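Protein chains in written order, with this note's numbering: chain W, 1 to 318; chain H, 319 to 644.
Do not take every clue at face value.
What the hints assert, rightly or not - One-sided excerpt, in silico: chain H residues whose CB lies under 10 angstroms from chain W:
{"#": "1", "residue": "P344"}
{"#": "2", "residue": "L373"}
{"#": "3", "residue": "L391"}
{"#": "4", "residue": "L394"}
{"#": "5", "residue": "L453"}
{"#": "6", "residue": "T458"}
{"#": "7", "residue": "N530"}
{"#": "8", "residue": "T534"}
{"#": "9", "residue": "I574"}
{"#": "10", "residue": "I609"}
{"#": "11", "residue": "V630"}
{"#": "12", "residue": "V633"}
Unchecked claim - Covered by chain W, per the in silico footprint, the following chain H stretches (three or more residues, Cβ under 8 angstroms):
{"#": "13", "segment": "399-410"}
{"#": "14", "segment": "432-440"}
{"#": "15", "segment": "469-475"}
{"#": "16", "segment": "498-507"}
{"#": "17", "segment": "581-595"}
In case anyone wonders, no lab produced these hints; they're calculated from the structure. Here the structure is a predicted model, which is why all the values come from computation and not from measurement. Note that CB positions come from ideal geometry on N, CA and C, so glycine has one too.
Okay, here's what each chain looks like letter by letter:
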Amino acid sequence: MRGLALPRSPKVILGLGILGFFIVLTVVGPWLAPYNPSSTAFTALLTPSAHHWLGTTSLGQDIFSQLLVGARATMVVALVAGLVATLLSMTIGISAGYLGGVPDDGLTLLSNVFLAIPGVPLLIVIDSYLPVNSRSNEFVIGLIISLTGWAWGARVLRAQTMSLRNRDFVEAARIIGESRRRIMFSEIAPNLLPVLASSLLFTVLYSIGAYVTLAYIGLTSTATWNWGTMLYWAQANNAPLSNEWYWFVPPGICIALVGTGLALVNFGIDEFINPRLRAAGLTARQRRQLGLARRARLGVTPVLRPAPSRRATGVVAK
Amino acid sequence: MRIVARRLGLYLLTAWVAVTANFILPRLMPGNPVQTLIGKITSQVTPAEIRAIRLSFGMGFKQGVIAQYFTYLGQLFHGNLGISITLGAPVSSILRESVPWTIGLIGISTIISFTLGTLAGAMLGWTRGSRFDSLIPTATFFQAVPYFFLGTVMLLVFGSNLHWFPVLGAYSQSATPGWNWTFIASVLRYGELPVISIVLSSVAGWMLGMRNMMITMIGEDFVLMAVAKGLPRRKVIAHAARNAVLPSIANLSLAIGLVVSGALLVELVFNYPGVGDLLLQAVLNEDYPLIQGIFLVITLTVLAANLIADVVYLVLDPRTRSEAAV
C-alpha cells in the first residue's frame, strides 16, 4: 500500500487536519452546543461575550450553538451528494469508457448535456417545486444536488477508463471469461482510485456550495440549522449593513475552511497522479534537507527518495 | 467546421432538455399547488390571474399532454414565456430589463478574472517551488469561499465601513438612465465592487488550473528545445503558456456555468438589478413562470457563451481543425 500513500507535503497535512476537525464537529457538534439553537430566550443582538461566544441573533438565538448544530446538516448533505454523485459518475463513466460504441455515445451525450446546463439554476428550479417537508430532508436535497454534480467526474473517469481498457490485465480478465460487470468494477475501478478520490472531493466541494446557496436564498427549510440558513437569516435581518459581523462571518469562514481542506487534499492527489507537480509541494528548507538542487529546473523533475545516501540531484525527465 | 456543427447540435439538445424540464416539472408537483399559491397571494386575485396560474401548472387545458407540449414549444419560439404571477407582466418583458445588467456584470468580471488568473497561473507554474508558491493556499481559500459570502464581506468592509465604493444598486439615484456620460460613469462606479468580488472569488480557479498545466508543459521537449536554442526567457514562457492555456479554454464550458451560478448571488448581495436579484424575488414569492423564464434565459446564455468558447478554441488550436478535416 506504500504506493497509495499521499505525498506528505504540508499542504496535504493541513488539508487532512482541517477536514478531520470538521468531521469530528459533524459528529459531536450538536452535543457541544451550549444552548438550543432555536431558543429565543436571550436578549437580541448581543455582541460576543463569555456567555455567547458569537453573540445572539435579532431573535435572541445563540449564534455559536447554531454554528455547531448547523455543521451536521451541512456536512451530511455534502457527503451524501458527493458519494451519490461519485457512484453515478463511476457507473456512467466506466461503462461509457469500457463498453464504447453506442452505449458510449449515449452516455457521453448525457453527461455533456448535464455539463452544459448551469447546475445551480437547475437546482433552484427543481427545488422550488419540492414540497416544503422534503426541502428540510437532508437526504432528498443531497440526492438532487448529486443529480446536477456527477457529469464532470463521469467525463474524467471515462477518459481514464479508455486508457486502461486495452491493458494486459484487462485483456487477461476478458480471456479468463470474467463478466463485464466484474471487469469494470473489480479490475478497472480499483486502478482509478486516485481519480475517483479526486472526483469525490470535487463533488463534495460542489455540493457544499450548492447546498449553502439553496439555503441562502431560502429554498431549504429555514427552520433546520445549517450554515446556509444562518447566512439567510443574517442577510434577511441586514446583519452585513449593521456591522453584525459575528453573525454572518463565522458560517462563511467555516464553509470556506471545509472547501480549502478538500482542495488541499486534492492537491496531494493531483501530485500523486502527476508526479511532475510533486516537487512543487516542497518548501525551500525541505529541498535543502533532501539535498535537491535549489529549485526544480526546466525540463527536470526531481526524484524524491527518503534515503539521503544517494544524493538525488534531479534526473532528467524520461 | 464539423466540430462546431457537432457542438451546436449538443447545445441545441441541451436547450431542448432544459425547455422540456421546464414543461415537465410543474406537472409533477404533488397536491394542488394552484390553491396553495392563490391562498398565499394576499391581494385580490382576478379570474385572469387564476387562469395564468392554472396554465403555468398545466391545468385547465382542454388538450392532451402531447398537444400541450407542442403549444408550449410554439409559444417559446415566439418569445412567450408566460405571465409573472406576482408582477402581472409578461416574463419576457421583465427579463428584457434585467438580462443586460447580468450579462454586463458577469461578462466583464469573467473576462478580467480569466485574463488575470491565466497570467498569474503561468507565472506561478514557471516559478514553481519559489516563495510565490505560498500564494496557493490563499488562492485555494478564496476559491472555496462562496461568491455571495465574499461579496457580503466586501460590502461590509469597503462599502458601509470605509465608504470607498457606493453600495446597493447599479447606478446613482441622481443619474437618468440613458446614453449620457453621468449615467455611464455612475454605472461603472457602482459596478466596481461587484466586479471585484466576482473576480476575487473566481480568479483562483483559473490560476490553479493554469499553474498545473504550465508545470506539466515545462516538462515537454519543445520547451527544453526552446531553452536549449537560447530563446529569451520571455519567449520560452510565451511558448509554454500558449500550449498550457488550451485546456483552460476547453474547460470554459464547465467553468462558465459555475461562475454564472455564483455570480447571480453576488447581484443579490449588492441589490444589483440583474437576473439574480429577480430570481430571489421569484423564489420567495413562488412565482413559477418567472423562475422558469429565468432558468431558461440563463441556460441559453451559458450555452451561447460555450459556443463562443468552442469557436475560440478551434481558432487557437490548429490540431482540432486538422482532425475535423480528416
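Outcome of the hint check:
1. P344: holds, 7 angstroms
2. L373: Where the cut-off is 10 angstroms and the nearest Cβ of chain W is about 16 angstroms from L373/H, the hint is violated.
3. L391: At about 18 angstroms, which exceeds the 10 angstroms cut-off, the nearest Cβ of chain W leaves the hint on L391/H violated.
4. L394: Violated, because the Cβ-Cβ distance from L394/H to chain W comes to roughly 15 angstroms (cut-off 10 angstroms).
5. L453: violated, 12 angstroms
6. T458: holds, 4 angstroms
7. N530: Holds, because the Cβ-Cβ distance from N530/H to chain W comes to roughly 6 angstroms (cut-off 10 angstroms).
8. T534: Holds, about 6 angstroms.
9. I574: holds, 8 angstroms
10. I609: holds, 6 angstroms
11. V630: With a closest approach of 16 angstroms, the V630/H hint is violated.
12. V633: violated, 21 angstroms
13. 399-410: Result for this restraint: violated, n = 0.
14. 432-440: Since three or more residues must qualify, the claim that chain W covers the segment 432-440 of chain H is violated, with 0 doing so at under 8 angstroms.
15. 469-475: holds (count 4)
16. 498-507: violated (count 0)
17. 581-595: holds (count 4)
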